[in-house]
Structure formats: structure tokens, C-alpha cells
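Peer 1: Please model the complete structure; the sequences and the hints are all you need to start from.
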Amino acid sequence: MTKARITRAQDNAGEEHPWGRLNWFVSGALGNSDTLTVGRCQIEPGQANQPHYHPNCDEVLHVLHGKIRHRLGDEYFEMAEGDTISIPTGQVHNAQNIGADRAVLLITFSTADRQVVGAE
0 MTKARITRAQ
10 DNAGEEHPWG
20 RLNWFVSGAL
30 GNSDTLTVGR
40 CQIEPGQANQ
50 PHYHPNCDEV
60 LHVLHGKIRH
70 RLGDEYFEMA
80 EGDTISIPTG
90 QVHNAQNIGA
100 DRAVLLITFS
110 TADRQVVGAE
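Residue 90 in numbering that gives the first Met the number 0 sits at position 91 of the sequence shown, and the numbers go up by one each step.
It is worth saying that the hints were derived from the structure and are not from the lab. Glycine is no exception: its CB is placed at the ideal position from the N, C-alpha and C atoms. Misleading hints may appear alongside valid ones.
Claimed, not checked - Simulated restraints, written as ranges between beta carbons of each label pair:
{"#": "1", "residue 1": "Val116", "residue 2": "Arg7", "range": "28 to 34 Å"}
{"#": "2", "residue 1": "Gly27", "residue 2": "His51", "range": "16 to 22 Å"}
{"#": "3", "residue 1": "Arg7", "residue 2": "Glu77", "range": "31 to 37 Å"}
{"#": "4", "residue 1": "Arg68", "residue 2": "Ala28", "range": "15 to 21 Å"}
Peer 2: Below, the structure written as C-alpha cells:
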């Protein structure tokens, strides 16, 4: 079992993408959890991440700032600050920023080793 510890901002792992950025706060790779991955997703105005799914975990996405259109399977949901969606394992999804500002999302996964598979 991993011991509890503080992860400082400078120790977070970051990933740049054409649509925005992912920052990881908690994960197996960071060594601060055996059971969760937690991060922040930033999507620039008018941009969207690619449709994808997670074969090994559920995801919870919470909108901290901005407005998105979230695809879950064949359904689309408009979401704004304070809204939360629970995404089951294996469900194709993605988010598009439909607002004028950068969308900021808190994302949590039910595994310390999140896997991603592109779809469509």
C-alpha cells in the first residue's frame, strides 16, 4: 500500500495536446496511489479531445470552469461549472469546449494505471 503524501505542483506530470493539456496529480506512475488517477484537463475554446474509452476503469469528470458538450456513447450533454458525469468502463466519450473561455475539468479514474484506447 502506498503511504499518503503531499504532491507539490512542480511534481505533477503534464501532457500537452493539440486541443489542450492534461495535468496529473495522483497516479501509480507518480507513486502516490495504488487505486486512483486524478488530474485536470484543460480544453481550449472550440477544441475537443479525441473520442476514446478506458478499458480498465470508470471515469468521473467534473466541470470546474467553462462550458462543454460531452459525448457519452451516442448521447450528447451540455455541461457547465459544477456539473459532473460518471463514465462507465469501456464507454466511448469525449469533450468539446463550446464556451469562449478555456474549459477546466477535474478527472478521476478508478485505477492507478489508467488505460486509453482511441475510438472512431
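Peer 1: Which of the listed hints are broken here?
Peer 2: Number 4 - this is the single hint that the structure violates.
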